[in-house]
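K.L.:
Protein sequences, first through last, are from chains A and B.
Going by the working numbering, the residue at position 85 of the first sequence is 461; the numbering climbs one at a time, nothing skipped.
Going by the working numbering, the residue at position 22 of the second sequence is 398; the numbering climbs one at a time, nothing skipped.
Mixed in with the good hints there might be a few duds.
If chains are identical, the list can't say which one is meant, so a pair holds when it fits in one copy or spans any two.
As a list, the in silico PhoX-like pairs of lysine-lysine whose alpha-carbon atoms are at most 20 Å apart [stated by the list, open to error]:
hint: 1; residue 1: Lys459; residue 2: Lys399
hint: 2; residue 1: Lys432; residue 2: Lys402
hint: 3; residue 1: Lys459; residue 2: Lys402
hint: 4; residue 1: Lys432; residue 2: Lys404
Derived by calculation from the structure, the hints in this document are not laboratory data.
These numbers were taken from a predicted model, which means no experiment stands behind them.
Number of protein chains: 2
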Amino acid sequence: MEIVIGIVAGILTSISMVPQLIKVIKEKDVENISPMMITILLVGVSMWVVYGVILKEWPIILSNAFSVLVNATLLIFYFFFRKRT
Amino acid sequence: MEIVIGIVAGILTSISMVPQLIKVIKEKDVENISPMMITILLVGVSMWVVYGVILKEWPIILSNAFSVLVNATLLIFYFFFRKRT
Numbered sequence: 377m378e379i380v381i382g383i384v385a386g387i388l389t390s391i392s393m394v395p396q397l398i399k400v401i402k403e404k405d406v407e408n409i410s411p412m413m414i415t416i417l418l419v420g421v422s423m424w425v426v427y428g429v430i431l432k433e434w435p436i437i438l439s440n441a442f443s444v445l446v447n448a449t450l451l452i453f454y455f456f457f458r459k460r461t
Numbered sequence: 377m378e379i380v381i382g383i384v385a386g387i388l389t390s391i392s393m394v395p396q397l398i399k400v401i402k403e404k405d406v407e408n409i410s411p412m413m414i415t416i417l418l419v420g421v422s423m424w425v426v427y428g429v430i431l432k433e434w435p436i437i438l439s440n441a442f443s444v445l446v447n448a449t450l451l452i453f454y455f456f457f458r459k460r461t
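Sequences are here, hints too, so could you generate the full structure?
P.N.:
Here it is as structure tokens:
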């Protein structure tokens, strides 16, 4: 039972940034998004990948590597779409 | 070593939404933020709390309960500040 809850929880937290990324690509606007949030999250999930590699835990590696990909893309789009002031 | 990496990674992913919440409160604008992102994340971290409770793992419970609090507040502010169209 807890394995199912863990897997579903992991999938949800991993995919949560996908709708945000889609919204940014659609609207080409990032004014209200915090770059600090993306950066802290990116460093955090990258460290989870390292943690997973040390423990050889594939579910930790895969779910967080996916998050690294999504957040890195989001950060690139952030700097691409932000208004130069 | 992996314990330190795990703790730092956990703290970073838990606090990552705080700067976003501060930005929303300051700017009173949520136009570019995806409510789907907040909702999926909120359900995900809530399930991590349940997972932690079943396993009696305090670090999982505490870090994700903190995320539940931050994301629930963010969702409330989202509906409070979104423009009615």
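K.L.:
Now tell me if each hint is right for this structure.
P.N.:
Hint check:
1. In the homo-oligomer, the alpha carbons of Lys459 and Lys399 lie at most 20 Å apart both inside one protomer (17 Å) and across protomers (16 Å), since each shortest distance falls under that limit.
2. For the homomeric pair Lys432 and Lys402, neither the shortest alpha-carbon distance inside one copy (37 Å) nor that between copies (42 Å) is at most 20 Å.
3. Within a single copy, Lys459 and Lys402 get their C-alpha atoms as close as 16 Å, and across copies as close as 18 Å, so both meet the 20 Å cut-off.
4. Taking the shortest Cα distances, Lys432 and Lys404 never come within 20 Å of each other, neither inside one copy (38 Å) nor across copies (44 Å).
Of the numbered hints listed earlier, those contradicted by the structure are 2, 4.
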